[in-house]
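With these hints in hand, go ahead and build the complete structure from the sequences.
Protein chains in written order, with the numbering used here: chain R, 1 to 252; chain L, 1 to 543.
There may be inaccurate statements among the hints.
[Stated by the list, open to error] Computed far set for chain R versus chain L, every beta-carbon distance over 10 Å: (1) 31; (2) 82; (3) 151; (4) 204; (5) 208; (6) 217; (7) 219; (8) 240.
[Said to hold, decoys possible] A few chain L residues that face chain R, going by a derived Cβ cut-off under 8 Å, partial list only: (9) 41; (10) 288; (11) 292; (12) 445; (13) 449.
Keep in mind that the hints were calculated from the coordinates and are not lab data. All of these numbers come straight from a predicted model, not from anything done at the bench. Heads up, the beta-carbon is just placed ideally off N, CA and C, and yes, glycines get one too.
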Amino acid sequence: MKILVAVKRAVDYNIKVRPKTDGSGVDIAHARMAMNPFDEIAVEEAVRLKEGGIATEVVAVSAGPATCQETLRTALALGADRGLLIETDVELQPLAVAKLLKAICEREQPQLVLCGKQAIDDDAHQTGQMLAALLDWPQATCASGITITADGNRTTVVREIDGGLETVDIALPAVITADLRLNQPRYATLPNIMKARKKPLDTLTPLALGVDVAPRLKTLKVVEPPPRPPGIRVADVAELVDRLKNQAKVIR
Amino acid sequence: MEFDVVIVGGGPAGLAAAIRLKQLAGEKGADINVCLIEKAAEIGGHILSGAVLDPSALNRLLPDWQAQGAPVNTPVVEDRFLLLDESRSITVPDWLLPDCFLNRGNHVVSLAELCRWLGRQAETLGVEIYPGFAGSEILYDEDGAVVGVATGDMGVLKDGSHGPNYQPGMALLARYTLFAEGSRGHLGRQLEDRFRLREHADPQTYALGIKELWEIPPEKHQAGRVIHSVGWPLDAQTYGGGFLYHLRDNQVAVGLVTGLGYRNPYLSTFEEFQRYKTHPALRKTLEGGRRIAYGARTLSAGGVQSLPRLVFPGGALIGDDAGFLNAARLKGAHGAIDSGRLAADACFEALTAGRSHDKLLAYPRAFCASPLFDELQRGRNFKPWMNKGLYLGSVMFALDQHVFRGKAPWTLRHRAADHTRLLKTADCRPIAYPKPDGQISFDRMSSVDLSHTRHEENQPCHLTLKDASVPLRVNLAHYDAPEQRYCPAGVYEILRDAAGENPRLQINAQNCVHCKACDIKDPTQNIVWTPPQGGDGPNYPNM
Chain R
1 MKILVAVKRA VDYNIKVRPK TDGSGVDIAH ARMAMNPFDE IAVEEAVRLK
51 EGGIATEVVA VSAGPATCQE TLRTALALGA DRGLLIETDV ELQPLAVAKL
101 LKAICEREQP QLVLCGKQAI DDDAHQTGQM LAALLDWPQA TCASGITITA
151 DGNRTTVVRE IDGGLETVDI ALPAVITADL RLNQPRYATL PNIMKARKKP
201 LDTLTPLALG VDVAPRLKTL KVVEPPPRPP GIRVADVAEL VDRLKNQAKV
251 IR
Chain L
1 MEFDVVIVGG GPAGLAAAIR LKQLAGEKGA DINVCLIEKA AEIGGHILSG
51 AVLDPSALNR LLPDWQAQGA PVNTPVVEDR FLLLDESRSI TVPDWLLPDC
101 FLNRGNHVVS LAELCRWLGR QAETLGVEIY PGFAGSEILY DEDGAVVGVA
151 TGDMGVLKDG SHGPNYQPGM ALLARYTLFA EGSRGHLGRQ LEDRFRLREH
201 ADPQTYALGI KELWEIPPEK HQAGRVIHSV GWPLDAQTYG GGFLYHLRDN
251 QVAVGLVTGL GYRNPYLSTF EEFQRYKTHP ALRKTLEGGR RIAYGARTLS
301 AGGVQSLPRL VFPGGALIGD DAGFLNAARL KGAHGAIDSG RLAADACFEA
351 LTAGRSHDKL LAYPRAFCAS PLFDELQRGR NFKPWMNKGL YLGSVMFALD
401 QHVFRGKAPW TLRHRAADHT RLLKTADCRP IAYPKPDGQI SFDRMSSVDL
451 SHTRHEENQP CHLTLKDASV PLRVNLAHYD APEQRYCPAG VYEILRDAAG
501 ENPRLQINAQ NCVHCKACDI KDPTQNIVWT PPQGGDGPNY PNM
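Written out as structure tokens, the structure is:
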């Protein structure tokens, strides 16, 4: 069984970003970039499925500028077998990425596509769902547990939903998106980072895949949230209740 | 894993050494493998410097740096030296300044950006660079020679047990190991002790630089403008000074360097810097702008008198790990690059002669014959004079430079290590610092936030105490716990119960920006800085 894992290069989650002065977008010049943490969880899950003898090959795919090669090398160091980069300098939006991944799926014929439930930069939470729709495959989003049947035809996925867990059973091939508690990714070891540099990494273009990636959404403005007003100290319980009732209007 | 050369630290010194080794290997057709490890998550992530770069060392290392697109493209166009008191500033005319203070031909750079560029050059030449791995231990052979380093374990839990994603560290063996950790390297210190490298040297003296990046309105910005200042807010007895450099893209770097030989335990390096920015001479530039990054790092300021012996069996100290910064010129990156290159020359010669694990004596010899040595010699009396106070020091150093041209028949010594210079609170007056205004000056926590610092939470504390009773018994009792004030990241806090009793020291190791001030200034050297898990620490952008 072949697994395709989609990985996105995003700003490192430790970086506190800020809007550009002109409000045209988020300023990430000089900021450290890393693999989207949810995608890292997806890679880890794919590698565990391979180590468990269920998957035979793990292919990592990324789309974006040439620097995405680093992100793919990270996936390879974590245990993916080979990498595919769809190289473009165009700003990629979820629908474009889903179309690119669909084209890759048609070439690679994976039985399972794994990706993060969302990317921490745009928080769109769309690519996995769009891909499943385009392929007309079953999907399970926000997975916190994945079990695949011995014959490799079906999978049981535990999903994180509001206030609890939901378990669904779907047929393969399918698209599954990873949530935070699916697993704890391993650290890439030095020997594995070294080996990853020798693993195959092929580069394609949207043109070669016949996909139009032109952006359809236009960002009008990015602004910082208003600063939080400082807290106040109230004199007694009566004042607290009064303020909660009449000022904050959170109790009646 | 075995290499010909392992380099610990991906700053200007380590990267220059790596580049030079591969250049020579290419020229001579030798097959030499070079591995460089860096504790930051990426090259440049822990780099912090002013910085005004003297490109001479870069010229010697990579003569075609301009054509290769080095991020060294903001020539100094205006250079001012200010003497500040609380509200006024006097511009010191150029003719009064020693030549070493002049910056014609130099560039305003981001050292982190320069390091990232050097890293790419090194990788193109075939250097294997591994960010995210800290050198945690020196490896020796049975004869006591250095044979490499071990990287730290990953995934160790607070109690020392192994977590689910535990990965043991790796031994990186090498015929020669170059240590390029920067000022107060934790391995460099161990080497100095073990091989008695400081036997004939003065104690190293240090300073702490705290820096912010600001984005300012375009009408106030002039790329290449360089301002240095001495005087306020530091008192005349405390070594240090401030800087304001205009980079590109409407960014300015503003910072204050405070000598860690300061005497008043009430001094707060952080608050000195915050109030420095409120001086009218700086406020007028910063007003209307926004702060975008914060960080801090110590630097080695002792100069040539404080240089330890540079080599020992199996390796060498390079860059600020040894202390090649030229305090008199207020810059060190060129010395780091030069020292890395010279060590690499010696290392290459030894490797091609089939040698290993011996002393690279050609490196100190080459240093003594280099322009870097002359330069450090000329400026050698700067820091010791300045330790005698700003006014006397300035006059004497001017004499030293203008009359004797740096060849004065005397060499002043550094007598005391910084940690011994602190006076007890009984002999000092508390300093009243203004509250931050949230516009120009800020508190510690919002500042640390802008260093993008992160440490895996559930790991053992990397700031270790030799004796857990000393923080209260000595530091609090005699010095009012100075670690609360010299740490620029709010790592050390004295907490008390509701009644204000039962003080205890809390170490917020997750805030640590790896500046090493605590390792240097703790009055009894009770605090020992060790590397946390690889990849942890600040994530500086273009500092």
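Comparing the hints with the structure gives:
no., hint, in the structure
1, 31, "violated (6 Å)"
2, 82, "holds (21 Å)"
3, 151, "holds (30 Å)"
4, 204, "holds (24 Å)"
5, 208, "holds (27 Å)"
6, 217, "holds (27 Å)"
7, 219, "holds (20 Å)"
8, 240, "holds (21 Å)"
9, 41, "holds (6 Å)"
10, 288, "violated (11 Å)"
11, 292, "holds (7 Å)"
12, 445, "violated (13 Å)"
13, 449, "holds (6 Å)"
Consistency note: the structure conflicts with the earlier hints numbered 1, 10 and 12.
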